[in-house]
Each structure stands twice: as C-alpha cells, then as structure tokens.
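**Student:** Residue strings, one per chain:
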Amino acid sequence: MAKKIPVLDLGRLAEGSPPGVTPAMGQFAAEAASVVLEHNRHKRGVVMEVAASRRHRYRVAWPALHDDAVRTHNDLPSAAEQGAYGVAFLLAEELTDFRVIERSRKGTGFDYWLGVGGEHPFQQAARLEVSGIVDNADQLEARVKAKMKQTDRSAGKLPAFVAVIEFGQPKSVFKRRR
Amino acid sequence: MNLQILHSAAMDLAERAMIERARGDTKAARNSLKEAFEQEERAAWLAVNGGAPEPTRSILLKSAAHLAIDVDELRRAEQLIGSALAGEPPEELAQELRALFEDVGFHRHLDRHGVELQNNDVQLVLVGHAISPGMADSDEFVDRISTMQRLLHRTSESDQGAEYRERGDPKIPLRLFVSVPRVASFAVSLRVASEKDQGEFEFAESSEVLHRLLDRLEMFDREEFDALHQAIPGQQYFDNFIELASRFAPDGDRVRMVGLTTAKGNTERRLQMKRTPHRDNRSAVFVPSREPQKFYGRVFFINTKDEDNPVIKLITDDASEFRLKAEDDLLQHAVLCAAKRTRVAVTGIQTSRTVLQVDEFQPARRRKAAKKRGRTERR
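Sequence lines, in order, name chains A and B. For the first sequence, our numbering assigns the number 1 to the initial residue and increments by one for each residue that follows. For the second sequence, our numbering assigns the number 179 to the initial residue and increments by one for each residue that follows.
In short, the hints are calculated from the structure, not lab data. A couple of the hints might just be wrong.
Stated by the list, open to error - Taking lysine to aspartate or glutamate and the EDC-like style, the derived pairs with C-alpha atoms no more than 20 Å apart in a straight line are:
id	chain 1	residue 1	chain 2	residue 2
1	A	K149	B	E256
2	A	K106	B	E232
3	B	K212	B	E256
4	A	K157	B	E232
As the list claims (entries may be wrong) - Sample of chain A residues lacking proximity to chain B, with all beta carbon distances greater than 12 Å (derived):
id	residue
5	D9
6	R12
7	M25
8	G26
9	S53
10	A64
11	L65
12	E93
13	G109
14	E141
15	E166
Claimed, not checked - One side only, chain A facing chain B, incomplete, derived with CB under 10 Å:
id	residue
16	H73
17	Q123
18	A125
Here the structure is a predicted model, which is why all the values come from computation and not from measurement. All C-beta atoms in this analysis are idealised placements derived from N, C-alpha and C, irrespective of residue type, glycine included.
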C-alpha cells in the first residue's frame with residue numbers, strides 16, 4: 001500500500017501556529033507563498049520534495065486567494081522571500097523538535113528563532129535563515145551553500161537552520177548548519 | 179515593565195508595519211515602525227540594565243538599532259550598536275553589528291549636510307571594504323563613474339527612440355562632472371550637464387534622464403524585470419542596461435552598498451542599491467513571453483504516484499528542460515508520446531524559466547531525418 005503523503009497546510013499559519021508568529025503575519029506569509037505557487041501554475045496539493053537529513057515529500061495546501069492578495073504580492077521575488085518563511089515555519093515543526101518562538105528585527109524584515117522557550121527570549125535558540133526562489137531549480141544548490149557559509153569563521157557562530165524554498169518544482173532544502 | 183512583553187509588542191508592531199507597507203499604507207507603516215522602535219529600545223535597555231545574558235542582550239540591542247535606522251534615529255542607533263559591541267556578543271553577531279555601524283555611516287553620508295543639489299545633480303555614496311573615509315579604490319570608483327555616464331547616454335538615446343548604437347560616440351551632448359569627495363566619507367556629487375556650472379530646470383533633459391535612470395536602477399535592484407522591460411522595450415537597450423547596471427551595482431564585498439541621492443524641486447530622493455547581481459545577470463533575468471513558441475524535443479513522464487499532479491517534462495534538442503502544463507487531454511497525449519519515446523513539436527507559452535503552458539502537441543520528424551531532408555533540399 002502506497003504511503004500517504006503528509007500535508008503541509010499553509011492555512012495553519014493564519015491560526016496562530018507557530019507561537020512566535022502573529023496570525024496576521026502568518027496569513028501574510030501564507031498568501032505570499034500561495035501567490036508564487038499559483039504563478040508557477042501549481043494546484044493545491046502539489047507535491048514538494050524536501051531535502052533534509054533525509055528526503056521527505058509533502059502535499060502543499062493553501063486557502064483560496066483573493067484579488068487583494070495577488071495585488072499585495074505582485075513583486076514576485078519579495079513574495080518568494082516572504083512565502084519561503086511561511087513554508088520554513090511549518091517545515092521546522094515537521095522536521096525538528098523546535099518551533100518559531102521569537103523574532104528580532106533585521107534590515108526591513110525579521111530574524112526568526114527556533115527553540116522550546118525559556119526565561120530569556122533568545123537563550124538556547126537557533127536562528128532560522130530562509131531564502132525563497134520564484135522559479136529556478138539551478139539556483140537552489142548555490143543558495144543553500146551561500147546560506148550555510150554566511151560567516152567564514154567557525155568560532156562564535158550561532159546555531160542555525162537553513163531553509164531554501166524553490167517554488168517552481170517545488171522543492172525545499174532544510175538543514176541544520178553545523 | 180517586563181522585557182518580554184515590551185519586545186513582543188515591538189515585534190507585533192513591526193510586523194504590522196510590514197503588512198501596512200505591502201498594502202500601500204506607508205503613513206500607517208511609518209507610525210507603527212516608530213512605535214515599534216520606542217518599545218524595542220526600552221526592552222533593549224532593560225536587558226542591558228537587568229544583566230540579561232548573551233546572546234539575548236546583543237540580539238535585542240541589534241533589533242532596536244535596526245528599527246532606529248528605519249525611523250531615521252541614527253544617533254540612537256549608534257548608541258545601541260556601541261552598547262552591543264561593548265558587551266560580549268558572539269562573533270557572528272559582532273560582525274553583523276559592525277556592518278550595521280557602517281550602514282548608519284552610509285545613511286549619514288546620504289544626508290546632504292547642507293550641500294545644495296541642483297535638479298541635475300546626484301550624490302553618489304560607496305560603502306565597502308574597498309572604501310574608507312575620503313579614499314576609494316580607483317578601479318571601483320572610476321569604473322562606476324564611467325558606467326554611470328554610459329547609463330545616462332543609453333537612457334537618453336533609448337527614450338528618444340534613437341537606433342541602438344553598437345559603437346561610436348553618443349549623439350546626446352550630456353557629460354558627467356564630479357566634485358571632490360566629502361570630508362570623512364566617500365560621497366561625491368555628480369552633475370549631468372553640457373557645461374560644468376550649468377544648473378538645469380526640473381524639466382530639462384539632463385534632469386529628466388537622471389530621474390528616469392534612478393527609476394530603472396531601483397527596478398533593477400528590486401529585480402522588477404517585467405516593469406524594467408516595459409520601461410526599456412527595445413531588447414538591445416534592455417540587455418545593455420542589465421549589463422551596465424550589474425557593473426554599477428555593489429559586488430557584495432569590495433563595495434557593499436551604492437547610494438544615490440537626488441533632489442527634484444523640494445523633494446529629495448534616496449536610492450540604496452544593496453543587491454549583488456548574478457555574475458551573468460542576463461541568464462538570471464526572465465521576462466515571461468506572451469507569444470507562443472515552438473520547441474522540439476522528447477517528453478518524459480516522471481512517476482510521482484501523484485495522479486492529480488503528473489510531472490511531465492520536455493527535454494528540448496538543445497537540452498533545455500521544461501515542465502509541461504496543459505489541459506487533461508493534451509497531458510494524456512504527452513504521456514503517450516513519452517511512452518512511445520516520440521520526438522515532438524510543442525507549441526506553447528513559456529510562463530516561467532522552467533514552465534511551458536502547452537497549446538499544441540505534434541509528432542516531429544527525427545532529428546537525423548530532418549537534417550538529411552534539409553541537406554537534400556539545399557542541393
């Protein structure tokens with residue numbers, strides 16, 4: 001009997017999952033991801049390959065898009081970056097024991113932090129470094145390498161997970177940076 | 179007031195600002211950001227005064243510094259960054275804090291500090307390892323000035339409908355004049371004019387071409403290639419613009435940021451180019467076609483056991499690969515062609531770099547047979 005492919009439901013992001021992301025932000029990220037998926041002519045339920053410590057497959061589901069969402073996210077590279085965060089939040093819950101528990105401001109966006117929570121907000125937390133690609137399978141490997149190599153010193157590195165989401169195939173890479 | 183509560187409130191406000199900006203409400207976004215900064219700054223100083231451990235201390239100070247830059251509180255940003263570096267941040271965060279300190283400097287240099295900019299002037303600021311206060315690697319500086327001049331000429335020629343010039347001197351009598359660098363920065367003023375002391379009216383070609391060029395550089399930095407192609411419809415001019423803009427943009431190391439400040443009437447405009455273009459940016463630029471094209475090759479059906487989303491690919495004769503999207507009956511036809519290993523001619527619209535929306539499928543002659551027929555016909 002064929003193994004059932006689990007579902008990655010972007011709709012959950014608007015419901016307060018994970019705890020470190022507001023429902024409004026979760027919905028924003030889910031919409032962005034949905035816009036890019038539909039730009040690539042994918043239908044709800046499209047299978048996404050995920051390369052983590054081993055290979056996984058997920059059916060990606062998302063709620064129907066309204067016209068405002070398409071207008072808001074008409075800058076596709078930005079939508080891919082935003083949408084990638086949404087996908088990465090869900091993958092973190094699926095593939096690790098951690099969830100997004102914190103945010104901090106970075107540039108015009110945010111750093112998201114994975115952990116289990118504690119007395120001080122960022123202690124024992126790992127940074128989630130995310131990148132989104134609208135549609136270019138060739139860029140996936142290079143983008144992962146660039147994110148893994150973000151600093152060239154081994155001492156004083158913060159623990160981190162790297163997630164790169166390519167919406168064309170679609171395919172994702174989710175790895176811990178050692 | 180609790181540090182966690184202040185920080186969470188700040189981040190909720192910053193997220194709200196991001197959504198407000200995306201939906202076009204820039205005034206609301208600015209107000210939300212200002213409030214976010216005030217809350218985050220309080221949380222950061224609470225962390226410092228309360229002896230919060232690293233990395234929490236540095237992360238909060240850095241987060242507050244980013245928000246300070248967002249709302250143009252540059253002095254407060256410097257204080258937050260200085261305090262973070264005075265602690266014991268992990269080296270990765272320390273590097274980011276040092277780069278942020280450079281960003282604050284960059285924003286300060288974009289300020290004109292009383293320097294009058296005419297409508298046809300632009301202030302150029304470079305930041306990076308090849309740049310220090312008052313000095314810059316000549317290659318980085320000279321190359322960018324030369325590229326800027328070429329961009330101005332091409333922009334003017336393109337917009338005036340001139341035939342694309344493969345070589346030779348530009349026909350437009352515009353030149354670029356350069357000031358000496360400002361003290362303690364690498365900021366220079368560039369003037370677009372036919373004579374060096376010539377200030378220009380807002381509507382003069384030299385002023386207009388400068389502002390049009392900035393519009394296009396902004397689109398380039400934001401990878402809005404569709405909009406850029408509409409602004410530059412001629413393919414040769416478009417390709418040339420991409421090549422020149424890639425040379426002008428930061429390389430990510432020696433020059434990390436390129437900043438441009440202009441004034442049009444009483445309105446100041448700032449453009450910060452931070453994106454490092456791909457090495458061969460032309461191959462990274464894809465503008466969806468609206469015209470159907472014909473492709474020859476073979477079809478492959480990749481069995482993902484997902485009946486609702488079959489993966490059918492076309493590998494063309496020149497080894498390009500496309501995923502095929504089509505109505506069910508056409509997809510069924512494609513699956514049959516894949517099974518029979520038939521060479522096909524596929525007519526469709528390329529909607530993205532790797533996706534083809536198929537209108538028509540036809541069997542095609544085998545390549546060798548086609549070539550032989552071609553040779554026979556030429557005889």
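**Student:** If a hint holds in the structure, say so; if it does not, say that too.
**Tutor:** Here is what the structure says about each hint:
1. A:K149 / B:E256: violated, 28 Å
2. A:K106 / B:E232: Holds - the C-alpha atoms of E232 of chain B and K106 of chain A are around 18 Å apart, at most 20 Å.
3. B:K212 / B:E256: Roughly 17 Å separates the two Cα atoms, so the pair holds.
4. A:K157 / B:E232: Roughly 13 Å separates the two Cα atoms, so the pair holds.
5. D9: Per Cβ check, D9 of chain A is outside 12 Å of chain B; nearest 16 Å; holds.
6. R12: holds, 17 Å
7. M25: violated, 4 Å
8. G26: At about 10 Å from chain B, G26 of chain A fails to clear the 12 Å cut-off, so the statement is violated.
9. S53: Check passes; 22 Å lies beyond 12 Å.
10. A64: A64 of chain A clear of chain B: closest Cβ-Cβ about 17 Å, beyond 12 Å.
11. L65: Answer for L65 of chain A: holds, closest chain B Cβ roughly 15 Å.
12. E93: Nearest chain B Cβ is 19 Å from E93 of chain A, so the label holds.
13. G109: violated, 7 Å
14. E141: Its Cβ never comes within 12 Å of chain B, the nearest being 14 Å, so this holds.
15. E166: violated, 10 Å
16. H73: OK, holds: H73 of chain A within 10 Å of chain B, min 7 Å.
17. Q123: Given a least distance of 6 Å, the restraint on Q123 of chain A holds.
18. A125: Holds, because the Cβ-Cβ distance from A125 of chain A to chain B comes to roughly 8 Å (cut-off 10 Å).
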